[in-house]
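**Q** Okay, here's what each chain looks like letter by letter:
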Amino acid sequence: MKIAVIVKEVPDTEAVISLKDGKPDLSGVKWIVNPYDEYAVEEAVRTAENKPGTSTVAVMVGNANSRTNLIDVLALGIDEAVLIADPALEGSSPLAIAKALAAAVKPLGADVILAGRQGVDYDWGITGIALAQLLDIAHVGIVSKLELGEGSFRAESEGDEGKLVTEGALPAVFTTDKGINEPRYKNLKGIMAAKKKTITEHSLSSLGLSAGDFGVAAAGVELVGAAEPPKRQGGRIIEGDTAEAKVANLVKLLREEAKVL
Amino acid sequence: MTKILIVGEFSNGKLKGSAAELLAAARAIDPAAEIHGALLGAGSGAAAQGFAAYGVATVHALDGSLPSYSSDGFAAALAPALAGYDYVLLQQSFFGRDLGARLAAATGAAWLSDVTAVEAGPVFVKPLYAGKVISRMRFSAAGLKIVTVRPKVFMPASADASASVSVNSLAESQGYKSKVTSVEAKAEGQIDLKEADIIISGGRGVGGPEGFAPLRDFAGAVGAALGASRAAVDSGWIGHSHQVGQTGKTVNPKLYIACGISGAIQHLAGMQTSGVIVAINNNENAPLMKIADYALVGDLFQIVPELQKQILALRAQG
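Going down the list, the sequences are from chains U and W.
Our numbering puts the first residue of the first sequence at 1, with every later residue one more than the last.
Our numbering puts the first residue of the second sequence at 262, with every later residue one more than the last.
Calculated directly from the structure, the hints in this document are not laboratory data.
Being a predicted model, the structure only gives us computed values, none of them experimental.
Hints are not guaranteed to be accurate.
Said to hold, decoys possible - Calculated cross-link-like contacts (lysine-lysine; reagent style PhoX-like; alpha-carbon spacing at most 20 Å): (1) U/Lys231 <-> W/Lys515; (2) W/Lys413 <-> U/Lys259; (3) U/Lys163 <-> W/Lys277; (4) W/Lys413 <-> W/Lys455; (5) W/Lys413 <-> W/Lys277; (6) W/Lys413 <-> W/Lys275; (7) U/Lys2 <-> U/Lys163; (8) W/Lys455 <-> U/Lys163; (9) W/Lys570 <-> U/Lys259; (10) W/Lys440 <-> U/Lys145; (11) U/Lys163 <-> W/Lys440; (12) U/Lys231 <-> W/Lys551.
Here chain W stands alone, though its shape is the one from the complex:
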């Protein structure tokens, strides 16, 4: 029987919803698989109970007075528990990729990162070149396989099961080569590009750093994340953490609103899987206007505030 370990994440004592996506991916690999959980960090023992609603009865937890993260320390604690598993699944997050990569090297496991779908076989779908090519891959050898799963692409498994969770306590490794000593929480209300349902993004057409002000207003009022093209980031108008596309973030929101972005190939690669694309541009011949579902020709500084007003009015009506 296929044995799969899903490494969850938790915050404020609660298992994050990403576990439901990992569970869906695990079932796509083998519907009959035996699935166990893992959770690492101070408070993980209690948070492990969150697996009960998914019917996961065995959870490995590393709990105690731990640093919030130590790549080498957490990997050293979890690696010995991986014997006997066929797959380890983690989210393609900072934590999941960082720990997963270290685990793969520690155990000699095969590595497949940023998977966006699992087909029968199992065959794994993985975008290459930031999404310019969609590859299909399979594992060609026995032994442990470590897979990271892109957020928000698997329909989360429903939390309607019940299980009595038995926690297997992992032993803390002795001595950390490195550890996280502080975490500076994101500014209130700031939404992560990878998590956002709506992204509003600005490019060269916003004209300068101050040109992002109406976009930032829109993002705050509507609950959207703020994105940017490489041209805007390289001009120093906005920080790199906002960049969408190759050498930035690959995103897949339900709605992507591109303002003054011409649509260089590196940008298109990073946002072309968005549900609906709206482009706002003075130039109706910009490449992005040709692939957008809805293209508005005009001045973004008139259109964006108007769009904000009308969306808020719509929401007020319920």
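With the rest of the complex left out, here is chain U:
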């Protein structure tokens, strides 16, 4: 079995995102592997451990600085990596990113493609699903449990009405939710092994793609402006000698001032 894992970089979730000229200013931000992608990586590594003969490859759309995070992914146990880096990709729509990924993933002949359910930056939530559509294969979104058979799958996800069980045929894309597994930490052995692993670099032209289909100009959506969320005026301490008295004061305020009870 061959497994491809789609990973991307996002600003550290601890980061405060500041604004400059009405746009998010990411110049000082630390970049990490998208947290939801860590679950995809772990699922791939675990599957390979349990199914002898399975090979794994990570595929990332990134830039020249992305190798550090990609090497970390290899240190977790992924066999090799593909890095798609091209200045023309800057500002591309998520659908264009999915097209670049599809061009890189298709020749790999993967049975299973794993990706995080969404990037915790723009939260588009489309890339993995679009990749499935472009490859004309099945997908299941927001997967919390995955069972792989011979050419078939059974996946669980949290739907609107309750837990969904989806069944279908491989190849397929699965977008991973937090909770599907408990990602491991990298260890020294993995870090040493990663140094010997291959990272294949691609540009748009080496994937047979045209730069004109990528970037801000072709994105179809543009940022008009950005602002910080409205500041909350808070910090009013509710007084009272006992828990009972404090709660009585709170309930009165919730009813008469805030009008939510």
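Once you have looked at the hints, place chain W on chain U.
**A** Chain W in isolation, oriented as in the chain U frame:
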């Protein structure tokens, strides 16, 4: 004229109220737009009549002996009907996002997810980084645009119109690559975080899995949803489906009660648009205590049961 398709959802044969929010969003894009509906799944033909009260006269329906959902099958059936529309609107639900994303890839449409407001232009408001930044975006090219709308942020359009609904039956696609084979309904009385008017949430301060018991009691008695901070989820005290914030759910209830939550930036990002925030914490210097509308310093294990008692007493008075 702008043509907008709103993809509704239905359960137990009835169109869900989310359609009224999509209709409001559609009218915000263009008050003069021609608005059509779509409904997919077994029984959708009958449920499509629910659009009548909103004055929507044309509804595309995929009805028959269908699986409850098939992302590729439903997308294949609806995609050919999208020609001629400027916008497709869906709810930012599991179904709406899943189908919408697949449709966008199938048609090459521009994609804008999780929109929380529409301004003149139209300009679309979309939170980024789980709400740390509020962006304003617009479409910059002609052609189909697919938008998902965050639940509970648009004032629902009123259901006071009437229309004679004409149903356009969509042809079922041949062969499914995948399909939903079972749906396990949520436990009785369990309220979804994204739908809840009141959320009670616990963090590191609850001390362990058993510390959630009084919060769960409160939620059951008052009709609230149960939330949690990442710290509590990562400690294994409660399931991830309860997590509020970045890498969890973004929520906007009328009342958010945070118990023993210090207020890490990832948590604040996911709940700061709540109507009223109450924080209960031993430590009055916790960041969340500073942004809460009402902060109670004290032992949550005394305060939460007392709050439950007093709210129920208030309701009993009517």
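**Q** Please go over all the hints and tell whether each is borne out by the structure.
**A** Hints and how they fare:
1. U/Lys231 <-> W/Lys515: 17 Å, holds
2. W/Lys413 <-> U/Lys259: The given pair, whose Cα atoms are some 18 Å apart, holds under the 20 Å limit.
3. U/Lys163 <-> W/Lys277: Roughly 19 Å separates the two Cα atoms, so the pair holds.
4. W/Lys413 <-> W/Lys455: 8 Å, holds
5. W/Lys413 <-> W/Lys277: 13 Å, holds
6. W/Lys413 <-> W/Lys275: 19 Å, holds
7. U/Lys2 <-> U/Lys163: This hinted pair is violated, its Cα atoms lying about 28 Å apart.
8. W/Lys455 <-> U/Lys163: Holds, at about 16 Å.
9. W/Lys570 <-> U/Lys259: 18 Å, holds
10. W/Lys440 <-> U/Lys145: 16 Å, holds
11. U/Lys163 <-> W/Lys440: Within the cut-off at roughly 14 Å; holds.
12. U/Lys231 <-> W/Lys551: With a Cα-Cα distance of about 11 Å, the restraint between lysine 231 of chain U and lysine 551 of chain W holds, given a limit of 20 Å.
In summary, the structure is inconsistent with hint 7 from the numbered list given earlier, while agreeing with all the others.
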